[in-house]
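> Residues per chain, in single letters:
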Amino acid sequence: MKSRVILAIILVSLSAIAAILPQKKNSALQLNAEELLQEIKLGTYNIGPDQLTEIIVNKDPSYMLIDLRPASEYEKFSLPGAINIPFDSLFTENWIMYIDQDLRKNIFFTNGGTLSSTALVLSRQKGFKNNFVLAGGLNRWFETVLNAKPPANSVDTEALKIYQRRLAAQQYFKGGEALPKNDVQIDLKPIPVRKKKMVQGGCS
Amino acid sequence: MGPIIPVHGISEEWNLLIAFLIGLGFGFSLEQAGFSSSRKLAGMFYGYDITVLKVFFTAAITAMLGLIFLNYLGWIDMSIVYVNQYYIQSAIVGGVIMGVGFIAGGFCPGTSVCAAAIGKIDAMFFIGGSLIGILLFGETYSLWEELYNKNFLGSLKLSSVLNMKDGVLALIIVLMAMVMFWIGERAEKKFGREDIMKEV
Amino acid sequence: MNPYLAGVLLGLVLLASFYLTGRGLGASGAMKSVVVYGMDKVSEAHVESSHFYSKYVTGEENPLKSWLVLEVFGVLIGGFISGAISGRLTWKIERSPKITSGKRLIFAVLGGALFGFGSQLGRGCTSGAALSGMAVLSVAGFVTMMAIFGTAFALAYFFRKNWI
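Chains as they are written, first to last, in our numbering: chain C, 1 to 204; chain H, 1001 to 1200; chain D, 2001 to 2164.
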């Protein structure tokens, strides 16, 4: 008799605790600290200023530019086609569907680039793919592209090509005509979302 | 993070080995619980032995609570765990047919294997019958195909349908089980059959 | 063994199964694999043309090399070990003294046939659908369980001579 009462008490207490616990959703795709560090070191999800230029100029629909700055700054100026998700709202219910998805590649950006890098790390930690960051932010992009300096070594044809492309981009952004497609590779590999392999069960 | 084998992409061979070991545990627990006896199993429906009720629900509750706690600790990804698919009509019809089979034959597939292992001849005949039954289903499948595939709603969980947390539903189930155990134990005293209990 | 304790033990085995492999227990599926395997040996063409059997024959893998078949094999051995150490190994036909052994065996076959048929339609048996289904709070699991036990309770009166 005693043992049954004890068992009953244990079960009821355990289930009472279970009832109070918040319901979590774990994802097997979450990254741990080492994996995250590795990705940061390799800059796997960084985008350089020239790559961004190509993306904007090509009006590539597979990319989505996300401005993480406050709305007031977004209204004053932002990149063409960018949407505004202030940093604090990034993982809230309203906006998380933009981040946790496999339709487009997102590019986070801010002025200096620190906050957007943080946002990237957070989304990688959750295992979300398809989010990238503009390394150095808008500031670096302005400096490198819109205020491009001619290459120090004028014999370096590669550097010259890049410089000329930047000059053309400046014209484009000042309201010039569309640029011809460049053969510069935008090296962002489309990363397929790792589908969770469904487990068979039941009768089969 | 669990479930270990799907998440870490472990090879199928290990999966099969684990299956065997799990089966060992399953068979052992079943037999220890006394489920290798058809008369004991049938006892639940006549009130003289509610072991089935106790073992079944205790096992379900233990695993249920275990999963909830593992989920809370972040040790398992519940979206990978298999949740039985909802085909309501075939589930009900199949269940009713199985119910008849249960009370007529006195076994279910798992317990019949267990009982056959310790020499129960009626269990062996039950297994033979099951194979015939499955064969029958396969041969006449075209007659049932439509029913079999009707009303599919995916992996539906009761907690979603009732719009409550898993833990709350578990608590309700535990309380219901307690009530059932209590009623069952009273029934055992009332309908107890010493003559049968000595044999099983 | 105390039934509650056995229940906890079984529950832990079930939990381990979920944690290690993501799936629960089962039994009827293994029997289906046996039937499919046999059918395949008898007539491959028949298996391919059947909507039912063809789902389970991949062409390369032996249908018997499945999770459930190995699990049920384990059940066989596990049950045997348990019976052996508890001294319950004996040839026996269990029945009520009110019917003959022959009759009991006929009922066993009939019951088995019904259960085999029903388990395919219901996509599981008491272990796979009811027990494992309940543990993950699946609606189908609960429904199947209630259908099985409800029906058995309802018809218990008509089969009482078999048992009591």
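Treat the hints as calculated values from the structure; they're not laboratory data.
Computed from a predicted model, the values in this text were never measured in an experiment.
Note that CB positions come from ideal geometry on N, CA and C, so glycine has one too.
Keep in mind that the hints are not guaranteed to be accurate.
Mimicking EDC-like on lysine to aspartate or glutamate, the simulated pairs with C-alpha atoms at most 20 angstroms apart in a straight line are [said to hold, decoys possible]:
no. : chain 1 : residue 1 : chain 2 : residue 2
1   : C       : K129      : C       : E39
2   : H       : K1165     : C       : E93
3   : D       : K2055     : H       : E1188
4   : D       : K2041     : H       : E1146
5   : D       : K2055     : D       : E2044
Across the chosen pairs, the derived CB separations fall in these ranges [to be verified]:
no. : chain 1 : residue 1 : chain 2 : residue 2 : range
6   : H       : V1179     : C       : K2        : 46 to 56 angstroms
7   : D       : G2150     : H       : Y1141     : 22 to 32 angstroms
8   : C       : L122      : H       : E1146     : 45 to 55 angstroms
9   : D       : G2150     : C       : I9        : 44 to 54 angstroms
10  : C       : A33       : D       : G2150     : 46 to 56 angstroms
11  : D       : E2048     : C       : L122      : 18 to 28 angstroms
12  : H       : L1162     : C       : K76       : 30 to 40 angstroms
13  : C       : S89       : D       : I2077     : 53 to 63 angstroms
14  : H       : I1010     : C       : K76       : 52 to 62 angstroms
15  : C       : I40       : H       : L1162     : 51 to 61 angstroms
Calculated Cβ distances over 12 angstroms to all of chain C for the following chain D residues [what the hints assert, rightly or not]:
no. : residue
16  : Y2004
17  : L2005
18  : G2007
19  : V2008
20  : A2045
21  : E2048
22  : S2049
23  : S2050
24  : E2060
25  : W2067
26  : A2084
27  : K2092
28  : I2093
29  : F2158
> Against this structure, judge whether each hint is valid.
Hints, one by one, checked against the model:
no.	hint	result
1	C:K129 x C:E39	12 angstroms, holds
2	H:K1165 x C:E93	19 angstroms, holds
3	D:K2055 x H:E1188	45 angstroms, violated
4	D:K2041 x H:E1146	28 angstroms, violated
5	D:K2055 x D:E2044	13 angstroms, holds
6	H:V1179 x C:K2: 46 to 56 angstroms	20 angstroms, violated
7	D:G2150 x H:Y1141: 22 to 32 angstroms	26 angstroms, holds
8	C:L122 x H:E1146: 45 to 55 angstroms	49 angstroms, holds
9	D:G2150 x C:I9: 44 to 54 angstroms	30 angstroms, violated
10	C:A33 x D:G2150: 46 to 56 angstroms	52 angstroms, holds
11	D:E2048 x C:L122: 18 to 28 angstroms	51 angstroms, violated
12	H:L1162 x C:K76: 30 to 40 angstroms	50 angstroms, violated
13	C:S89 x D:I2077: 53 to 63 angstroms	57 angstroms, holds
14	H:I1010 x C:K76: 52 to 62 angstroms	53 angstroms, holds
15	C:I40 x H:L1162: 51 to 61 angstroms	44 angstroms, violated
16	Y2004	5 angstroms, violated
17	L2005	8 angstroms, violated
18	G2007	9 angstroms, violated
19	V2008	8 angstroms, violated
20	A2045	23 angstroms, holds
21	E2048	18 angstroms, holds
22	S2049	20 angstroms, holds
23	S2050	16 angstroms, holds
24	E2060	17 angstroms, holds
25	W2067	7 angstroms, violated
26	A2084	27 angstroms, holds
27	K2092	29 angstroms, holds
28	I2093	29 angstroms, holds
29	F2158	28 angstroms, holds
In this structure, the hints that do not hold are numbers 3, 4, 6, 9, 11, 12, 15, 16, 17, 18, 19, 25, in rising order.
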